[in-house]
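Participant: Input sequences plus hints: build the corresponding full structure.
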Amino acid sequence: MKTRTRAAVPVLVLCLAAALPTPAQAATDQHVEGRLPSGATYTMDVPAAFNGTVLLYSHGYRAAGWPNPAENAPSSPTRDALLADGYALIGSSYATTGWAVTDAVPDQLATLDLFTEKFGTTRRTLAWGTSYGGLVTTRLAERHADRFDGSLAMCGLVQGGVANWNSTLDPVFALKTLLAPGTDLPLTGFADQEAAASAARTLTEKTADAQQNPEGRARIALAAALHNIPGHNDPAQTEPAPADWDGMQANQYEAVTGLLQLPAFSWRQEAESRAGGNPSWNTGVDYTAMLHRSPLYKEVTELYKKADLSLHADLTTLNRAPRISADPSAVRWMRRTSALTGRLSDPQLNIHTTGDALIPVQAESAYRRATASAGTDGLLSQAYVDGPGHCTFTTGEILGALHTLEHRLDTGRWDTAPEVLNSRAQKADPTSEPRYVPYRPGPYPGHAIP
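Numbering (mature numbering (1 follows the signal peptide of the UniProt record, and there is no 0)), first residue to last: -26 to -1, 1 to 424.
Think of the hints as simulated: they come from the structure by calculation, not from any bench.
Treat the hints loosely; a few may be bogus.
[Stated by the list, open to error] Under the rule of at most 30 angstroms between Cα atoms (straight-line distance), these lysine-lysine pairs were calculated in the DSSO-like manner:
(1) Lys180 - Lys280
(2) Lys279 - Lys180
(3) Lys272 - Lys180
[As the list claims (entries may be wrong)] Computed Cβ-Cβ distance ranges for the label pairs, DEER-style:
(4) Thr212 - His266: 26 to 32 angstroms
(5) Thr157 - His266: 26 to 32 angstroms
(6) Arg9 - Thr311: 43 to 49 angstroms
(7) Arg97 - Arg9: 26 to 32 angstroms
None of these values were measured; they are calculated from a predicted model.
Glycine included, each C-beta is placed from N, C-alpha and C at the ideal position.
Facilitator: Written out as structure tokens, the structure reads:
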């Protein structure tokens, strides 16, 4: 067990902590809720038969105006299963919504401090999180390694903030250039949410019109390929046959519409307001090379052939179009607060679905490259679930991953073969069929990953 450093805690909290029994003393399960000095709320569940491991859960992105409750597990079934197995579960809401990493990291650490004050030192402390919470988890693991023994990032934004916003820019740049040429439609630098919403509506309408003809559908597929949006990206979709290019494109169109409605405009504006400007750029990007690296290249070429449209001409148009430059101070802010270095001190396991449209599975390649550059890639292992959707893991798949991380901590070696993960997942939840498969994602589609 590592030494746990703690931040200062208000006297009132200390008095409350002294009045509460430790897990060893508790005869019943304990549920504690409260508010941190930052304004964030927290929630803690400690079972009577506490096994000595506390899990600090970092939740995913919540836009401004969305409900923002504290969470300590990715789902109710997962929470129930872990409590039944004796794990303590804790987590905070973060003090603000949106691109809140500067609040999330201290609020999560403060929640861990408060748990220690209330319940004492634990045998093992693990950080885990989903989606945007995977970024928070990895920031905790990289910057506060003394507080944790290991970490689990699920469907995580592990390419970091700079790369994320750059790769979010690429598909909308392609859509504007090819579907709305000559317009002054802004893609960055929004004054407020209304300006972002207006731009989103305009480009969404242009994209919907383009979807009605073969030429437009081919161009939408090209934009999707620049973000590596899979042709099967939602469990509600029908899975297309391997050469069903039209079926793949129809599924991608749904995801592109979702990208336009929130992340590319509304969420970007909120992040820009924090960064003090636009942290994204596409100066110097070769979109021909980016498309050739995409696993969707074949689909795009076939749809362009079907539409009797020149892919070469459209790529030339993209590569010659006026580019977007970043605000240097905003890039510095994003790098300082939201970039990942790959400098791990403890084991981290990442899991990702292969059909993720929001955070493409290739994000894992970006973090693998970062740990290799830092010389810590032996501490990282990655595993893949063959399924569509963002964070669509079963309870068994999540528990199997957690137990795999614990096995690494217990033995000093990784054992992340798909059959091993599936066996652990099946044992943890016999009600569903686990889907871990051998898989290695291609390069991340984004550019200028710091």
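Participant: Does each hint hold? Answer for all of them.
Facilitator: Here is what the structure says about each hint:
1. Lys180 - Lys280: holds (21 angstroms)
2. Lys279 - Lys180: holds (22 angstroms)
3. Lys272 - Lys180: This hinted pair holds, its Cα atoms lying about 25 angstroms apart.
4. Thr212 - His266: 26 to 32 angstroms: holds (29 angstroms)
5. Thr157 - His266: 26 to 32 angstroms: holds (28 angstroms)
6. Arg9 - Thr311: 43 to 49 angstroms: violated (24 angstroms)
7. Arg97 - Arg9: 26 to 32 angstroms: This hint holds: roughly 28 angstroms between Cβ atoms.
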